[in-house]
Amino acid sequence: MRDVKAPVLAWGAYLIVLGGSVAATKLVSGLMGHLFSLLCASIMASLILSFFMGLRVANNLLRVFALAGVMWLAIMLTLTMVDYVMRDIGECPNAQADDVARNAQGCPLDSAGNVRASDTGA
Amino acid sequence: MSEAAANQASESYLSRGWRLRDWLFTTDHKRVAWLYTVSITAFFFLGGLAALVIRLELITPEGDVVSADAYNQLFTIHGVVMVWFFLIPSIPNTLGNFLLPLMVGAKDLAFPKLNIISWYIYTIGGVFTIAAVITSGVDTGWTFYTPYSTQYADRAVVAALTGVFVVGFSSILTGINFIVTTHKMRAPGLTWFRLPLFVWANYATSLVMVLATPVLSATLILLILERMLGIGIFDPALGGDPILFQHLFWFYSHPAVYIMILPGMGVVSELITCFSRKTVFGYHGMAISILAITVFGFLVWGHHMFVSGQSLYAGLMFSFFTFLVALPSAIKTFNWTATLYKGKLIFSAVMIYALSFVGLFTIGGFTGIFLASLAVDVHVHDTYFVVAHFHYIMVGGMVTAYLGGLHFWWPKMTGRMYPEIWAKVAALALFIGFNLTFFPQYLMGYAGMPRRYQTYPEDFQILHVMSSLGAGVLAIGYLLPLVYLLWSLRWGKRAPPNPWRAAGLEWRTDSPPPKHNFLEPQTVTGPPYDYDTIDNK
Amino acid sequence: MTTTPSTTSKAAPDEQFDDLTQQRQADLMGMWIFLATELMLFGGIFTAFTVYRFAYPEVFAEAATHLDLKLGTFNTALLVTSSLFMALAERAVNAGQRRKTLAFLFVTIGIGVVFLGIKGYEWHHEYTEKLMPILGLAFEYPGAHPDRAEMFFNFYYVLTGLHAVHMSLGLVTLSVMVVFTWRWRDPSRLGRQIQINGLYWAFVDVVWVFIFTTQYLLRA
Ligand SMILES: [Cu+2]
Numbered sequence: 001m002r003d004v005k006a007p008v009l010a011w012g013a014y015l016i017v018l019g020g021s022v023a024a025t026k027l028v029s030g031l032m033g034h035l036f037s038l039l040c041a042s043i044m045a046s047l048i049l050s051f052f053m054g055l056r057v058a059n060n061l062l063r064v065f066a067l068a069g070v071m072w073l074a075i076m077l078t079l080t081m082v083d084y085v086m087r088d089i090g091e092c093p094n095a096q097a098d099d100v101a102r103n104a105q106g107c108p109l110d111s112a113g114n115v116r117a118s119d120t121g122a
Numbered sequence: 001m002s003e004a005a006a007n008q009a010s011e012s013y014l015s016r017g018w019r020l021r022d023w024l025f026t027t028d029h030k031r032v033a034w035l036y037t038v039s040i041t042a043f044f045f046l047g048g049l050a051a052l053v054i055r056l057e058l059i060t061p062e063g064d065v066v067s068a069d070a071y072n073q074l075f076t077i078h079g080v081v082m083v084w085f086f087l088i089p090s091i092p093n094t095l096g097n098f099l100l101p102l103m104v105g106a107k108d109l110a111f112p113k114l115n116i117i118s119w120y121i122y123t124i125g126g127v128f129t130i131a132a133v134i135t136s137g138v139d140t141g142w143t144f145y146t147p148y149s150t151q152y153a154d155r156a157v158v159a160a161l162t163g164v165f166v167v168g169f170s171s172i173l174t175g176i177n178f179i180v181t182t183h184k185m186r187a188p189g190l191t192w193f194r195l196p197l198f199v200w201a202n203y204a205t206s207l208v209m210v211l212a213t214p215v216l217s218a219t220l221i222l223l224i225l226e227r228m229l230g231i232g233i234f235d236p237a238l239g240g241d242p243i244l245f246q247h248l249f250w251f252y253s254h255p256a257v258y259i260m261i262l263p264g265m266g267v268v269s270e271l272i273t274c275f276s277r278k279t280v281f282g283y284h285g286m287a288i289s290i291l292a293i294t295v296f297g298f299l300v301w302g303h304h305m306f307v308s309g310q311s312l313y314a315g316l317m318f319s320f321f322t323f324l325v326a327l328p329s330a331i332k333t334f335n336w337t338a339t340l341y342k343g344k345l346i347f348s349a350v351m352i353y354a355l356s357f358v359g360l361f362t363i364g365g366f367t368g369i370f371l372a373s374l375a376v377d378v379h380v381h382d383t384y385f386v387v388a389h390f391h392y393i394m395v396g397g398m399v400t401a402y403l404g405g406l407h408f409w410w411p412k413m414t415g416r417m418y419p420e421i422w423a424k425v426a427a428l429a430l431f432i433g434f435n436l437t438f439f440p441q442y443l444m445g446y447a448g449m450p451r452r453y454q455t456y457p458e459d460f461q462i463l464h465v466m467s468s469l470g471a472g473v474l475a476i477g478y479l480l481p482l483v484y485l486l487w488s489l490r491w492g493k494r495a496p497p498n499p500w501r502a503a504g505l506e507w508r509t510d511s512p513p514p515k516h517n518f519l520e521p522q523t524v525t526g527p528p529y530d531y532d533t534i535d536n537k
Numbered sequence: 001m002t003t004t005p006s007t008t009s010k011a012a013p014d015e016q017f018d019d020l021t022q023q024r025q026a027d028l029m030g031m032w033i034f035l036a037t038e039l040m041l042f043g044g045i046f047t048a049f050t051v052y053r054f055a056y057p058e059v060f061a062e063a064a065t066h067l068d069l070k071l072g073t074f075n076t077a078l079l080v081t082s083s084l085f086m087a088l089a090e091r092a093v094n095a096g097q098r099r100k101t102l103a104f105l106f107v108t109i110g111i112g113v114v115f116l117g118i119k120g121y122e123w124h125h126e127y128t129e130k131l132m133p134i135l136g137l138a139f140e141y142p143g144a145h146p147d148r149a150e151m152f153f154n155f156y157y158v159l160t161g162l163h164a165v166h167m168s169l170g171l172v173t174l175s176v177m178v179v180f181t182w183r184w185r186d187p188s189r190l191g192r193q194i195q196i197n198g199l200y201w202a203f204v205d206v207v208w209v210f211i212f213t214t215q216y217l218l219r220a
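Residue numbers (full-length UniProt numbering), protein chains in the order written: chain W, 1 to 122; chain L, 1 to 537; chain R, 1 to 220.
Only chain W is shown next, with the shape it has when bound in the complex:
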């Protein structure tokens, strides 16, 4: 059996990063902790991909396919979020980022001063 050291080391590294990630959620609350955990997750995933799945030694075409998967996920996530960054689905499903006037429930009004039909809960 050759090349046993690399996966064992990767396993150790993974556990350390996992520990760091869990510790971060306990110690650093809020956004910074969350971002750190997500960073740790990417590192852990990369460790598995490179050492257990052989991406480290795979030919370039396979890497391109792996990368394409990630790219397409990024496309889906980004373009979807463009919509949700620009409106608030919490209280008023059809709220838009440039709405100025709001009614008593805090829902935005259209230019004629009416609540959008779909925001009335009907």
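Everything labelled a hint here was simulated from the structure, so no lab data went into it.
Don't take each hint at face value.
Computed list of lysine-lysine pairs in DSS-like fashion (alpha-carbon distance at most 25 Å, straight line) [as the list claims (entries may be wrong)]:
#1 5(W) <-> 100(R)
#2 26(W) <-> 100(R)
#3 113(L) <-> 344(L)
Which residues of chain L face chain W? A few of them, derived with a C-beta cut under 7 Å, are [to be verified]:
#4 211
#5 241
#6 247
#7 251
#8 310
#9 311
#10 313
#11 314
#12 317
#13 320
Here the structure is a predicted model, which is why all the values come from computation and not from measurement.
Beta carbons: idealized from backbone N, C-alpha and C, even for Gly.
Keeping the supplied structure of chain W fixed, place chains L and R with the ligand upon it in accordance with the hints.
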């Protein structure tokens, strides 16, 4: 090799093995292509029948042929069957299955067992859905929009969703098979820029299948879970957003439009170059446009949601990207035209189909630009304008290309020629019937006729009657090929290996080809579509 | 080519391929593309989760504290250990060591089963705490905005459930590999099969990393 073995190797794939299990357990890509052809033809005529009843109902403004409820179920059946069980698998799984290995000079697809499994998945899923839809009825339309599909529609929604979910796997398996075959099994000398455009188109289609279909699967899982277990991901009562369903759905279903049309573009490129006796104009541009359409196609899904309540800024972005897709599509159209220019055109039936495609696709694409514009879309959204637009792409484009391709490669697939005169009649019937059916729908849609309604104001009756008449002519255009193609199987003239004097590896082998496609390994030494050399021989 | 000796026929590629290298590359590529489709499958659900995580940050962060972080972390460590043994099994089969391959496969499967057991225990625990809004079961959430918290738990069950389904499928195929290793008929073919299975098993682990991080760790 012994003589007997040599004889057996040169026998056509059709000559031996006519027990049922020789077909149902085959792994030969050519036979699987036939299995698919039989299945999709059955689904096509079923979906067509639903359309015919719809057109019959719409001859008069009142609802008189069927009940309103039955009408809703009819357009759902028509949409579900045509989109999921006909358009998506049509060209890739029939012509693509048959031709891709031949065109790259391979003995079979990379995973022949997956190929036959994909047919089983497809057929079982399809039949299951149809049974559910017909016995208990589904009226959600083919799009299954929430919250209607999750909270209001009763009856067989879950069954229909499950069927579509299952059929998705057949797309994924086909996609994987085609991609790996194109990458790994090309004949020596067959570099990427020597590949026929049909292979390029099927390769790109497979990429879309592989990258988009799983998202549909995930979305359908979420719908099924919401209905069956009450796990409400899109439920407004839990702060859920029904529009999110549309995002996920169209992330698949817009690219799915390219699953439907890209293979058609590939077919038409082959037909036009052959019957103009000229190489494809701007081959590299054509290949790159195919890839560009594939990538851009993933950035535009929100154009189905301009009036859904999606953020205006997201709408702006999606509108902009949609205009971008028009670029590679236009490049393709111009290049087809330029290929025709100064060619020695042969107006065979196949060419009539190909030219119909270019014309109808152009009209469909053009009206797509109207719909991509935010303000215009507010006016024509959910009207017959949209219906006409996508039928120009799907029927005028895809179905025309499919029939053209089927005729073009019929001699290769069966070893028989079809009757040219009847084929010309059918091709013309398709063109005339199609335009008569769908052009009036542009007019009535622009005038405000909404889609999915059983009744309508009397003002629209003339246009509706024209459209229904056209549907009758169109039906002739579909039924004729069914008759004479079947006839030709027995009585058609025997086909030589290359009846059209066409370029491409598939024409170098017998018609029909032997089991392993070629008797000797093929090598490629020159560019594709070298018609000057062929004609000067 | 009248008769083929049986020794070479074992190492021959399937009929559609020219040689074994081509077949091996094709198999690998097919598997990686399949994994890309798996990525998009989970990706669709993660995208939906992101939308709501962004819309209701406080409620989701609060709801996450109701999950058992200790068991979740332990399970994550378990799963990567099982991936390690899978990777070792791959190396053992390539080195022609039948007994070691078998042992490593058994450890891999065993850890996988323990993982599912712990996951089931967690689900049961959440059920007793009335945090399982499935099939109309009572959902009694102690914090603010129980409706949105329910949405969080919806995602938790969808993601962990779908992951468990993938794990179970992996356990089935790994058990088949155990049988094949037991028989040890065609080691080079077995090596390819175990490699393909190893890819799937490791990928299920990759998915878990993100499920664990987004569900357990993004807490208040
Ligand atoms: Cu679209």
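Right, here's what the structure says about each hint:
| no. | hint | in the structure |
| --- | --- | --- |
| 1 | 5(W) <-> 100(R) | holds, 16 Å |
| 2 | 26(W) <-> 100(R) | violated, 40 Å |
| 3 | 113(L) <-> 344(L) | violated, 43 Å |
| 4 | 211 | holds, 5 Å |
| 5 | 241 | holds, 5 Å |
| 6 | 247 | holds, 5 Å |
| 7 | 251 | holds, 5 Å |
| 8 | 310 | holds, 5 Å |
| 9 | 311 | holds, 4 Å |
| 10 | 313 | holds, 5 Å |
| 11 | 314 | holds, 4 Å |
| 12 | 317 | holds, 6 Å |
| 13 | 320 | violated, 12 Å |
Hints 2, 3, 13 from the earlier list are contradicted by this structure; the remaining hints agree with it.
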